[in-house]
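So for the sequence shown, this note's numbering puts the first residue at 72; every next one is plus one.
No lab work stands behind these hints: they were computed from the structure.
A virtual CB, placed ideally from N, CA and C, is assigned to each residue, including glycine.
Treat the hints with care, as some may be off.
To be verified - Have a look at the derived ranges for each label pair, beta carbon to beta carbon:
1. Thr382 <-> Glu640: 39 to 45 Å
2. Tyr417 <-> Gln474: 20 to 26 Å
3. Glu385 <-> Leu149: 44 to 50 Å
What the hints assert, rightly or not - Only pairs whose alpha carbons sit at most 16 Å apart, straight line, appear in this in silico EDC-like list of lysine to aspartate or glutamate:
4. Lys204 <-> Asp153
5. Lys514 <-> Glu471
6. Lys517 <-> Glu568
7. Lys89 <-> Asp109
8. Lys158 <-> Asp181
9. Lys612 <-> Glu568
10. Lys280 <-> Asp235
11. Lys218 <-> Glu299
12. Lys75 <-> Asp305
13. Lys514 <-> Asp581
14. Lys204 <-> Asp235
15. Lys605 <-> Glu271
16. Lys280 <-> Asp305
17. Lys330 <-> Asp355
18. Lys158 <-> Glu101
19. Lys612 <-> Asp235
20. Lys323 <-> Glu271
21. Lys89 <-> Glu363
22. Lys605 <-> Glu379
23. Lys316 <-> Glu271
24. Lys514 <-> Asp563
25. Lys483 <-> Glu383
26. Lys204 <-> Glu271
27. Lys476 <-> Asp438
28. Lys476 <-> Asp495
29. Lys517 <-> Glu481
30. Lys483 <-> Asp440
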Amino acid sequence: MMDKYTGIGASDGIAIAKAFLYEEPNLSFEISEAEDADHEVSRLEAAIDQSREDIQGIRQVAQENLSAEEAQVFDAHLTILDDPELKAGFVGKINDASLDAPSAVREVADMFISMFQAMEDNPYMQERAADIKDVTDRILAHLLGVKIPDLSTITEEVVLVAVDLTPSDTAQLNRNYVKGFVTDIGGRTSHSAIMARSLEIPAVVGVGKIASQVKDGQLVLVNGSTGEVVVEPDQATLDHFQAEKEQFAKLKAEWDSLKDADTLTKDGKQFELVANIGSPKDLDGVHANGAEGVGLYRTEFLYMDSAEMPTEDEQYEAYKVVLESLAGQPVVVRTMDIGGDKHLPYLPLPDEMNPFLGYRAIRIGLDQDHLLRTQLRALLRASVYGSLRIMFPMISNLNEFRQAKAIFLEEKEKLQAAGHEIADDIQLGIMIEIPAAAVLADKFAKEVDFFSIGTNDLIQYSMAADRMNENVSYLYQPYNPSILRLIKFVIDASHKEGKWTGMCGEVAGDQTAVPLLVGMGLDEFSMSAPSILKTRSLISKLDSQEVQELARRAIEEMDSSDEVASMVEAYVADLD
Numbered sequence: 072m073m074d075k076y077t078g079i080g081a082s083d084g085i086a087i088a089k090a091f092l093y094e095e096p097n098l099s100f101e102i103s104e105a106e107d108a109d110h111e112v113s114r115l116e117a118a119i120d121q122s123r124e125d126i127q128g129i130r131q132v133a134q135e136n137l138s139a140e141e142a143q144v145f146d147a148h149l150t151i152l153d154d155p156e157l158k159a160g161f162v163g164k165i166n167d168a169s170l171d172a173p174s175a176v177r178e179v180a181d182m183f184i185s186m187f188q189a190m191e192d193n194p195y196m197q198e199r200a201a202d203i204k205d206v207t208d209r210i211l212a213h214l215l216g217v218k219i220p221d222l223s224t225i226t227e228e229v230v231l232v233a234v235d236l237t238p239s240d241t242a243q244l245n246r247n248y249v250k251g252f253v254t255d256i257g258g259r260t261s262h263s264a265i266m267a268r269s270l271e272i273p274a275v276v277g278v279g280k281i282a283s284q285v286k287d288g289q290l291v292l293v294n295g296s297t298g299e300v301v302v303e304p305d306q307a308t309l310d311h312f313q314a315e316k317e318q319f320a321k322l323k324a325e326w327d328s329l330k331d332a333d334t335l336t337k338d339g340k341q342f343e344l345v346a347n348i349g350s351p352k353d354l355d356g357v358h359a360n361g362a363e364g365v366g367l368y369r370t371e372f373l374y375m376d377s378a379e380m381p382t383e384d385e386q387y388e389a390y391k392v393v394l395e396s397l398a399g400q401p402v403v404v405r406t407m408d409i410g411g412d413k414h415l416p417y418l419p420l421p422d423e424m425n426p427f428l429g430y431r432a433i434r435i436g437l438d439q440d441h442l443l444r445t446q447l448r449a450l451l452r453a454s455v456y457g458s459l460r461i462m463f464p465m466i467s468n469l470n471e472f473r474q475a476k477a478i479f480l481e482e483k484e485k486l487q488a489a490g491h492e493i494a495d496d497i498q499l500g501i502m503i504e505i506p507a508a509a510v511l512a513d514k515f516a517k518e519v520d521f522f523s524i525g526t527n528d529l530i531q532y533s534m535a536a537d538r539m540n541e542n543v544s545y546l547y548q549p550y551n552p553s554i555l556r557l558i559k560f561v562i563d564a565s566h567k568e569g570k571w572t573g574m575c576g577e578v579a580g581d582q583t584a585v586p587l588l589v590g591m592g593l594d595e596f597s598m599s600a601p602s603i604l605k606t607r608s609l610i611s612k613l614d615s616q617e618v619q620e621l622a623r624r625a626i627e628e629m630d631s632s633d634e635v636a637s638m639v640e641a642y643v644a645d646l647d
């Protein structure tokens, strides 16, 4: 009997295959007392060592298959594993409460998980609860002698069905065999969803209780674009999905044919499509997807992947590799965007109620200017190997930019005096992510070389709505006329001064937003590499005059995000 489900489309594509029901390992046991505390501590340390080996192996696989940003979650898992407070809690329960090792791990882990889950005003900390569970469940499995399922061993085409997938699970998926996955819980921003998009595996999350109702071997259909899932389809439904799959394959072939093409509208107006990267390891994806440069190099991963502060020479080598690889195409490097939400063992930062509005990014760079000076020196030295553009994040006022530029010029003068060759065409720009900077864009435009709009933060700061908080997620509205007005003002301000504006937030690759951004005259679109060809294809079907009118109507006539989305989606539907 056919069953239909609806969830959140998390990764585009159509999957048709038999269900592979993934069941989490059974880690249930009775709480027990320790007979020999020293023996239990030794068991605990052995389980932690085994878990470390596991995670290091998974991280290696993830670094080969995923972007630096996505693979970085396993560095966080290693940090959790080695957290002295967590381990002290385990040992304390063994010595003081006379619990055996599994019981100690369970009680301490549950305490930390509950504590982080309760932080409803801090979604970053809530996400850490899932990471702690992933890590401590692995320790428990080793203590209990329970085998952890290895999804990399799947050797037939399947649709994976699960209550949830941890980062460790998702990183092991072989897309040659796992044609899609469906989960009971999760959202588009969950680790598993992000990884699915990078792996180009169709995925639907947040379906409900599908994992308890599907049986191994049942035929499952997945539409990762619409969020539709069908189990044991009738022939008509199967035929429909087959047709959809063939149509998607044609679309993919069309996108692939545009790899070496310029990004042009139907009437010949040119734009620039570039990629977001986190490390030199992401360059293969940049080239494979026809990017015309790098619009956001998130350098914080250099810091987060290191046990100590990266030296000037280490940074120089990383920047040089990227600039050389792009062979003269532009590379926008964002200076260190670290804050209280991203803890570095060698850079103590204050605990803050809201680290996203606190001591972070350029605020740290200007306060502890030796950090910014080191990074700028490395960039200046590497500048001769390509077309470098440097971007300062979290700028809220002109004085911050002027201070950062002054440090840049001081370090440039010192290096030149020491005999270093420095490129003479380095551009300096800022991220527009704080509304105060957007509203003052006409003043900034007289002093910067470019803007790059970070929509993820611009939207949440403008709407006073944390985009990671499910209770207010409805307010993450990229098409809201108020947001569009801010974006248009920034673009117009830059053009008036002969400067250019890019966008490096999620909206740059949003297929509903793209026609509006083309209409508003955005110069550069920076996005995850797998989104580039799809976006190039869409732009090639747009008429620049038509979308200019579309953008005007959205900004001047529409009252809500939903109205704008409906108007644009109707326009795009008529293109096909």
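Now for the hints, and whether the structure bears them out:
For the pair threonine 382 and glutamate 640, the supplied restraint of 39 to 45 Å is violated, since their beta-carbon distance comes to about 50 Å. A beta carbon spacing of about 24 Å between tyrosine 417 and glutamine 474 agrees with the range 20 to 26 Å that was offered as a hint. With their beta carbons about 20 Å apart, glutamate 385 and leucine 149 fall outside the hinted range of 44 to 50 Å. With a C-alpha separation of about 14 Å, the suggested pairing of lysine 204 with aspartate 153 holds against the 16 Å cut-off.
Taken as a hint, the lysine 514 and glutamate 471 pair is honoured in the structure, with Cα atoms around 13 Å apart against an allowance of 16 Å. Proximity of lysine 517 to glutamate 568 is assessed by CA-CA distance (about 6 Å); at most 16 Å being required, the pair is judged to hold. Restraint check: the Cα-Cα separation between lysine 89 and aspartate 109 comes to about 48 Å, which exceeds 16 Å; the hinted pair is violated. Annotation: proposed proximity of lysine 158 to aspartate 181 holds, straight-line Cα distance about 14 Å (limit 16 Å).
Only pairs whose Cα atoms come within 16 Å are accepted, and lysine 612 paired with glutamate 568 is rejected, the gap being roughly 30 Å. Between the alpha carbons of lysine 280 and aspartate 235 the distance comes to roughly 11 Å, so the proposed pair stays at or under 16 Å and holds. Our distance criterion of 16 Å between C-alpha atoms is broken by lysine 218 and glutamate 299, whose separation comes to about 33 Å. A C-alpha spacing of about 11 Å is found between lysine 75 and aspartate 305, which places the hinted pair at or below 16 Å, so the restraint holds.
Taken as a hint, the lysine 514 and aspartate 581 pair is broken in the structure, with Cα atoms around 29 Å apart against an allowance of 16 Å. With a CA separation close to 12 Å, the supplied pair lysine 204 and aspartate 235 stays within the 16 Å bound. Straight-line distance between C-alpha atoms of lysine 605 and glutamate 271 comes to about 13 Å, which keeps the hinted pair within the 16 Å bound. A threshold of 16 Å between alpha carbons decides the hint, and for lysine 280 with aspartate 305 the separation of about 21 Å lies outside it, so the pair is violated.
For the given pair, lysine 330 sits about 13 Å from aspartate 355 by alpha-carbon distance, which is consistent with the 16 Å threshold. Using a Cα cut-off of 16 Å, the hinted pair lysine 158 and glutamate 101 is violated, with the two alpha carbons roughly 21 Å apart. Restraint check for lysine 612 and aspartate 235: not satisfied, since their Cα atoms lie roughly 38 Å apart, outside the 16 Å limit. Of the supplied pair hints, the one linking lysine 323 and glutamate 271 holds, its CA atoms being roughly 11 Å apart against a limit of 16 Å.
Taken as a hint, the lysine 89 and glutamate 363 pair is broken in the structure, with Cα atoms around 39 Å apart against an allowance of 16 Å. Proposed proximity of lysine 605 and glutamate 379 is contradicted: the alpha carbons are some 39 Å apart, above 16 Å. Using a Cα cut-off of 16 Å, the hinted pair lysine 316 and glutamate 271 holds, with the two alpha carbons roughly 14 Å apart. With a C-alpha separation of about 12 Å, the suggested pairing of lysine 514 with aspartate 563 holds against the 16 Å cut-off.
Between lysine 483 and glutamate 383, the direct Cα distance comes to roughly 14 Å. Compliance with the 16 Å bound is thereby established for this hinted pair. The hinted pair formed by lysine 204 and glutamate 271 fails the criterion: a straight-line CA distance of about 26 Å is larger than 16 Å. Using a Cα cut-off of 16 Å, the hinted pair lysine 476 and aspartate 438 holds, with the two alpha carbons roughly 14 Å apart. Restraint check for lysine 476 and aspartate 495: satisfied, since their Cα atoms lie roughly 15 Å apart, inside the 16 Å limit.
Restraint check: the Cα-Cα separation between lysine 517 and glutamate 481 comes to about 21 Å, which exceeds 16 Å; the hinted pair is violated. Between lysine 483 and aspartate 440 the CA atoms are separated by roughly 15 Å; this keeps the pair inside 16 Å, and the hint holds.
Taken one by one, the earlier hints fail for this structure at numbers 1, 3, 7, 9, 11, 13, 16, 18, 19, 21, 22, 26 and 29, listed in ascending order.
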